[in-house]
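Asker: Please put together the full structure from these sequences, using the hints given.
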Amino acid sequence: MNPSPFLALALLGGLFSSCSPALVRVQPYERGNLAGPLLSQDRDPLQKAMTEHAYFSREASFGGGGVGGGGCGCN
Amino acid sequence: MKTLTTAFVTVLATLSMASAKPEVGQTMPKLATLLPGAALPATTGKVVLVDFWASWCAPCKASFPCFSRLHQKYSGKGLVIIGIGVDDDPAKHQAFAAKEKVPFTLVHDAQHKAAAFFSPSTMPSSYLVDRKGVIRYIHTGFKGAKTEEEYTKEIEELLAK
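As given, the protein sequences belong to chains L and H, one line each in that order.
Quick note: the first sequence uses the numbering used here, first residue 4, plus one each step.
Quick note: the second sequence uses the numbering used here, first residue 255, plus one each step.
No lab work stands behind these hints, which were simulated from the structure alone.
Among the clues, some could well be false.
[What the hints assert, rightly or not] Computed from the model, here is a short list of chain L residues facing chain H with C-beta under 10 Å:
1. Q30
2. P31
3. G39
4. Y58
5. E62
[What the hints assert, rightly or not] One side only, chain L facing chain H, incomplete, derived with CB under 10 Å:
6. Y32
7. G35
8. A38
9. R46
10. N78
[To be verified] In silico BS3-like links for lysine-lysine, alpha-carbon gap of 30 Å or less:
11. H:K400 - H:K331
12. H:K346 - H:K386
13. H:K386 - H:K353
14. H:K275 - L:K51
15. H:K331 - L:K51
16. H:K400 - H:K353
No residue lacks a Cβ here, since even glycine has one placed at the ideal position from N, Cα and C.
Answerer: Below, the structure is given as structure tokens:
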């Protein structure tokens with residue numbers, strides 16, 4: 004069996020996987036729409052508290068939601 | 255197989271070229287070419303702080319009082335601060351600039367030409383350039399008093415040279 008096609012597929016797969024930093028993706032300066040209040044995690048404090056409680060009590064996970072700047076991933 | 259290897263190397267080389275961006279130790283590119291039509295201050299022989307900001311970026315807004323203080327303290331000694339706004343909507347840029355009323359220069363990178371060239375890894379990002387036009391420090395993000403202390407130390411060091 005000729006391994007070339009499989010090798011080619013593996014190389015291209017690695018190159019164009021989501022691990023490649025050179026692929027087209029939303030740049031930090033293009034995230035204006037993601038910073039909208041609708042995409043903010045704490046737009047409703049009560050819902051946020053209940054969701055965090057559910058994660059904490061059912062899935063034993065807590066924290067990790069404290070990214071500053073809403074959905075723009077700033078800082 | 256040889257053709258495949260050549261193609262693979264070519265693609266890799268192309269992709270790596272696409273990710274080239276200004277680093278510490280490199281000469282600052284001419285902002286006038288990246289921001290055609292923008293009213294830029296004279297920067298020859300000055301220490302220059304170039305900051306990328308947006309009206310939707312909360313840490314950018316938090317950094318403006320810091321830059322105002324730095325401008326008031328060091329502009330007479332040779333510091334020039336240029337804030338490059340990257341908002342898509344010019345009206346939002348103008349409204350934010352009018353509201354903040356900062357004493358340093360704000361320009362709008364409407365086409366994202368400068369932003370694409372510098373490719374800042376986060377918002378805000380700033381580039382501190384010495385009197386010879388070489389990038390000496392790059393800051394990503396703004397962390398309040400800690401970042402202001404770093405700016406102060408670095409600006410004083412560059413102004414003394």
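Asker: Starting from the hint list further up, note which numbers the structure goes against and sort them upward.
Answerer: The structure breaks hints 4, 5, 9, 12, 13, 14 and 15; every other hint is satisfied.
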